[in-house]
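J.: Here is how the chains run, residue by residue.
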Amino acid sequence: MPQTRRDTLLTFGALWTALAVPAAAAAQATPALGWAPKALSADQARRLEVVVDLIMPATDTPGAREAGVAAFIDRNLADWADPLWRDTAVAGLDRLDADAKAAHGQPFLAISPAQQAALLRGYDEEAKTRRPHFFAILKDLTTVGYFSSEPGATKAARYDPVPGDYRGCVPLKEIGRVWAL
Amino acid sequence: MANVTGKAKAERTYDAIVVGSGITGGWAAKELSEKGLKVLVLERGPMVKHIEDYPTAQTAPWEIKHPRGKLPDAELKAHYPVQNRTGYALTEYTQHFFVRDDENPYTEDKPFDWIRGYQVGGRSLLWARQSYRHSDLDFEANARQGVGVDWPIRYADIAPWYDYVERFIGVSGQAEGLPQLPDGVFQPPMEMNCVEKAFKASTEKAFGRRVTIGRAAHLTAPTEEQLALGRGKCQHRNMCMRGCPFGAYFSSNSATLVAAERTGNLKIRPNAIVTTLILDEKAGKATGVKILDEATRQEEEFYAGVIFVCASALNSTWLLMNSTSRRFPNGFGNQSDQLGRNVMDHHLNVGALAEVPGYLDEYYSGRRPNGLYIPRFRNLGDAASARKDYIRGFGYQGGAGRLGWDREAPGFGAERKAQLSQPGPWLFRVGGFGEVLPNPENRVTLNRARTDKYGLPTLKMDAVIRENELAMRKDMQASAMEMAEAAGFRNVRGFDTGSPLGLGIHEMGTARMGRDPKTSVLNAHNQVWECRNVYVTDGAAMTSSSCVNPSLTYMALTARACAHAVEAKKRGEI
Numbered sequence: 001m002p003q004t005r006r007d008t009l010l011t012f013g014a015l016w017t018a019l020a021v022p023a024a025a026a027a028q029a030t031p032a033l034g035w036a037p038k039a040l041s042a043d044q045a046r047r048l049e050v051v052v053d054l055i056m057p058a059t060d061t062p063g064a065r066e067a068g069v070a071a072f073i074d075r076n077l078a079d080w081a082d083p084l085w086r087d088t089a090v091a092g093l094d095r096l097d098a099d100a101k102a103a104h105g106q107p108f109l110a111i112s113p114a115q116q117a118a119l120l121r122g123y124d125e126e127a128k129t130r131r132p133h134f135f136a137i138l139k140d141l142t143t144v145g146y147f148s149s150e151p152g153a154t155k156a157a158r159y160d161p162v163p164g165d166y167r168g169c170v171p172l173k174e175i176g177r178v179w180a181l
Numbered sequence: 001m002a003n004v005t006g007k008a009k010a011e012r013t014y015d016a017i018v019v020g021s022g023i024t025g026g027w028a029a030k031e032l033s034e035k036g037l038k039v040l041v042l043e044r045g046p047m048v049k050h051i052e053d054y055p056t057a058q059t060a061p062w063e064i065k066h067p068r069g070k071l072p073d074a075e076l077k078a079h080y081p082v083q084n085r086t087g088y089a090l091t092e093y094t095q096h097f098f099v100r101d102d103e104n105p106y107t108e109d110k111p112f113d114w115i116r117g118y119q120v121g122g123r124s125l126l127w128a129r130q131s132y133r134h135s136d137l138d139f140e141a142n143a144r145q146g147v148g149v150d151w152p153i154r155y156a157d158i159a160p161w162y163d164y165v166e167r168f169i170g171v172s173g174q175a176e177g178l179p180q181l182p183d184g185v186f187q188p189p190m191e192m193n194c195v196e197k198a199f200k201a202s203t204e205k206a207f208g209r210r211v212t213i214g215r216a217a218h219l220t221a222p223t224e225e226q227l228a229l230g231r232g233k234c235q236h237r238n239m240c241m242r243g244c245p246f247g248a249y250f251s252s253n254s255a256t257l258v259a260a261e262r263t264g265n266l267k268i269r270p271n272a273i274v275t276t277l278i279l280d281e282k283a284g285k286a287t288g289v290k291i292l293d294e295a296t297r298q299e300e301e302f303y304a305g306v307i308f309v310c311a312s313a314l315n316s317t318w319l320l321m322n323s324t325s326r327r328f329p330n331g332f333g334n335q336s337d338q339l340g341r342n343v344m345d346h347h348l349n350v351g352a353l354a355e356v357p358g359y360l361d362e363y364y365s366g367r368r369p370n371g372l373y374i375p376r377f378r379n380l381g382d383a384a385s386a387r388k389d390y391i392r393g394f395g396y397q398g399g400a401g402r403l404g405w406d407r408e409a410p411g412f413g414a415e416r417k418a419q420l421s422q423p424g425p426w427l428f429r430v431g432g433f434g435e436v437l438p439n440p441e442n443r444v445t446l447n448r449a450r451t452d453k454y455g456l457p458t459l460k461m462d463a464v465i466r467e468n469e470l471a472m473r474k475d476m477q478a479s480a481m482e483m484a485e486a487a488g489f490r491n492v493r494g495f496d497t498g499s500p501l502g503l504g505i506h507e508m509g510t511a512r513m514g515r516d517p518k519t520s521v522l523n524a525h526n527q528v529w530e531c532r533n534v535y536v537t538d539g540a541a542m543t544s545s546s547c548v549n550p551s552l553t554y555m556a557l558t559a560r561a562c563a564h565a566v567e568a569k570k571r572g573e574i
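Quick mapping for you: the protein sequence lines, in order, are chains A and B. Anchor point for the first sequence: position 71 equals 71 in my numbering, and the numbering is continuous, going up by one each time. Anchor point for the second sequence: position 247 equals 247 in my numbering, and the numbering is continuous, going up by one each time.
Just so you know, the hints here were simulated from the structure itself, not pulled from any lab data. Among the hints, a few may not be true.
[As the list claims (entries may be wrong)] Capping the alpha-carbon separation at 27 Å, the derived lysine-lysine pairs in DSSO-like fashion look like this: (1) A:38 - B:65; (2) B:70 - A:128; (3) B:200 - A:173.
So that you can see chain B by itself, here it is in the shape it has in the complex (with noise of 0.2 Å):
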């Protein structure tokens, strides 16, 4: 666009621009509004307004078209070839939270499943809401055992960042008292059915192994302030990725972007696509973004004193690939050459599955959005847990439940109608979710020569799991397998499907935090080395990935990096 100058600059000038409106966007709309900054958000896909956007939330199965609510082979294969990969997330009730594959391409040099959301609230409406906390045993790992580079935090400084994104989010769970799965700001946790019960009093016993409830981002408890906000208590509806009407679940939606909202801090333009960041080359600092308006292809310019990139581990990495100048000719901060490298994820979909005998007097009531928890057991540190065949470790979620109606039951007519109008057998599950260690050979890149329909460039997938985790892989089943065998359960069967990077829906660690610009690209407090006043705090900034779900993380990366933003600010260092 022509040069903007006066008034017209002025008007498009804020104290902080947040990229993105998903779980960290929501976070750094809040922190930076709260502290009375002007905060403009950009978000590359449409609004999607709490309760009044959600327009499933309500709907009755006999409401959808489809059998199950699958959608139509055609409209799978033309628009979702990717986004199906889940196998359960995208149906008729969803799809409208969910890209299409085919105006969103990239290119897979190696399986690659990038599952994604644009629009207000991005992945914030559709994430599984498990909530961990890294520990030292994280935090440390790299750096005892010579992988990747040292994060340059440590739990304690991150801990009251933990406390305080939870106590603001609602998490629902159980204290443990594990060093290796630091307890939290709980709400009430939820119950275990009667087979889980049996099932943890088992494995305990049998293994050592702790077996808890899930923590899970939803209010079982909910607070002043959340009632304050419009949230309510989790009605155990299990249709949380329609959105949820109670505003019972943590999203952006329901609950970052209400408060930042009611600062009258905020603006946010939606269907803004930020292509690049403007870069002062003689001040060495940002001063705005570019974007691309989805709808009139326009290019317009915004301005800031902070940036926040906050577009998800992929999409972040992208802009600042993106973003080139004299100054920065590999990518915006990329002087380290570690931009896009290291991609992590979890790999999943390995563990056990087993028939529950007994317990058919026995059902439960409401659907529960959460499941059983197994924390890591694995290379603790101590002789007993340490593994010779790889390092670090796993956990495994799951649960019980009975068989629904939808199952196999031969014959037909009124026999059969009255069988499948009760509950089926118990069936027991678990699947591990195992720490990808990070691999400058796993990485993305900037393909300029593949370009989307807006004619930007696209990004180039080329990472897989590698010996460690296929070494971890073998005893996840074997693990799961034999606690399903000491619980009793029959027709015991291990899995191991394979796990392609992406799959997990953790993508991280494409411009890691360190404690070197040579070796990291952004510092401590999520700062670009190289160019302090934009912060990256989504899963791009990891340095390793733990074996726990990430978000939470994210979140108190972002509330912490705000923190730290305002007071450099304030002290005129960036």
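So here's chain A without its partners, still in its complex pose (with noise of 0.2 Å):
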């Protein structure tokens, strides 16, 4: 878009949705955390590297765990979110296990990558009548985290910090993937 100083009102996604229907998420096998977690603890962080790579899963680009978009959120969520935020995501993060409790004996960790799936649908469902929700917090800053890492602008997106000339018409298929900028 052209980010000329009052065109930020350009970037009001809200406006344009559109259908489409929720992928069928592999779920990674359980993680080692290999950080240590400010505004979480090590279960919760553990669920949430499972969720990162259920919103944005590796595929032929990296996946969001891999991106360390788990750390990036449990720092924002530390340092930066307000507090219902917070609170809404870290209780968000303990009801999964609940959920997973209830509906398959096991905690979250433990049940297949389907059934985590199946569960994350359900939120995401919610998350459409009732603000703020969990899942819309994390997709959220998933999405952001995601996109905003190395691997995620320069692989799933294309990143060119120094793009030199403008060309304003350029067919899409030249460029291949939307700009990370």
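Make one complex out of these two single chains by using the hints.
T.: Next comes the structure, spelled out in structure tokens:
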């Protein structure tokens, strides 16, 4: 978008929603945490790692877990998010376990990727009418965290810090992907 | 401070003092130093050296801390409640170039968004770089309509100075041959994208309204002079507000201060808050200024035969108001009682946005730091463009682009990720910039009851848009919508979210130029009527606001006033 200074309303993406079928995401195996959480307990952080990879899985490009998005979210829950958001997100990460146990008799990390995805689909549906909803918060932070990460910006999107020329009309197939910036 | 005499006084004496180092202070420094004057620039904020003091210029998105670079709410609330009102400008990438509101208070009797950057270079680091000329439609309007006072100059007086300034700063743009928006000295224009080209064709055909690419102070074909200053071609990063490591957009830091420095005649003193103009009442001249050292809080004095006040409209006005004496009990040069009155800005936050169907195989490459411009098409002096419901006019800025990854997308998982890894639909948006009439009841006053952390009085703002602007806004919204509809765009939505003064960041008019000392503060050469060795050349000088972005006019007025000052000094007039 042309980023002249009064043009920020151009990012009014919420007006444009299209119907799409939630992906049948494949959850990853339980990871070991390679980082020290600040806002979350170790268990909550492990669940978050699985959730971010269900939201932005590894495909032909890296997934959100590999991109360090869980640590990004934890850090921002600790020192950035407003308290209501933070508490909603943290409580949601505990609810994952409670709901998994109620439905399958096992904690979230122990149920199958398909069962994990099914739970998230329920939350995604719920989040359409209930705000703030932990899943909407996590989905937003995962998306921003991912496309702002080096793997997300440079591999899933196309990153060019110094474009040089501006060309106004270029076939999309020549660019291939969304611009990271 | 104690009386300074002899050698100590000589060391504090210059040919000229320039108050402020922003877009006009930089020009005054360049012009005066190039003409051989020893110049002292006093800047209230810290030093910002070109390139080396742009800490975020090369920062990648993964190197910042917070989502979208948005600062934590608690920090915004504590330190930037006003600066954050733009909604876009203040981020992790730019926060070091904005003032902290808690340390720089003022009083809003009426809402007034005072967006400030206190540093060497001032807001020339942060400006939107849109550069347009006023025309005689603007310079004659007050006299013709009996609004405010007549400008003491006409287009012919300033045209050569526009040329001169444009040649130095570099303005990319397209000549259009419109009398209401005179062409200038342009470097090659930036390109429109596919949708913008279609919108241009549709709008020109359906309404006869011209659509051009923004005229922006970016180098697209740098001259020898610009290259020699270390400036280079625009790289289309659109990260301008962080400071440009290529020196590709014009700022004091990248251009005027560099040129001034090279004369060997310039001294910049940062962290120096000018508090008072010193008046020699017998001679009827200013002899220098008092400053407060920002760090030590010590008062000091500097002396010069010529003083250029370029502190930005409201801070220059503050300085004049704070400089009282027996001769000027109500503020320096303020017998007219116009000092602080006639606050103007441009009113905005009104226009239209729309979805653009199709063009899904089309994209663009590079981030153009510029958009479309639709020059004024109302009240041009002919019957066809005349409006009965308001006087003056407005222009639009905006453009088209595709949504990026940061858009709403339902679901989660691989399919959504693939979807967001491709650009979204095209959107179109234009927003108006409308002229604000000078009104003496729109004013800022000095509030001695409320002082800042230095113990200095603060400003109180009492200014609003009124009937003429409100009537104009209806047309601004409706005309934007009809153009979007005629172009075949869908879901066209008009918007008008209100426009407190200040948000245009074009505050001006509070020490206006005029033809009569009884009704204006400055004469045709930006001299204070009652003290001719003091020139005020920033936005404070403006007699009317036009609807175009004003910085180019401030720069042209400054260069013109500098030439006048040097000649007047030679002739012994000041």
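J.: Is residue 38 of chain A within 27 Å of residue 65 of chain B, Cα to Cα?
T.: 14 Å, holds
J.: Hinted pair, alpha-carbon criterion (27 Å max): residue 70 of chain B, residue 128 of chain A. Please report holds or violated.
T.: With a Cα-Cα distance of about 25 Å, the restraint between residue 70 of chain B and residue 128 of chain A holds, given a limit of 27 Å.
J.: Between residue 200 of chain B and residue 173 of chain A, does the CA-CA distance stay at or below 27 Å?
T.: 25 Å, holds
In this structure, every one of the numbered hints holds.
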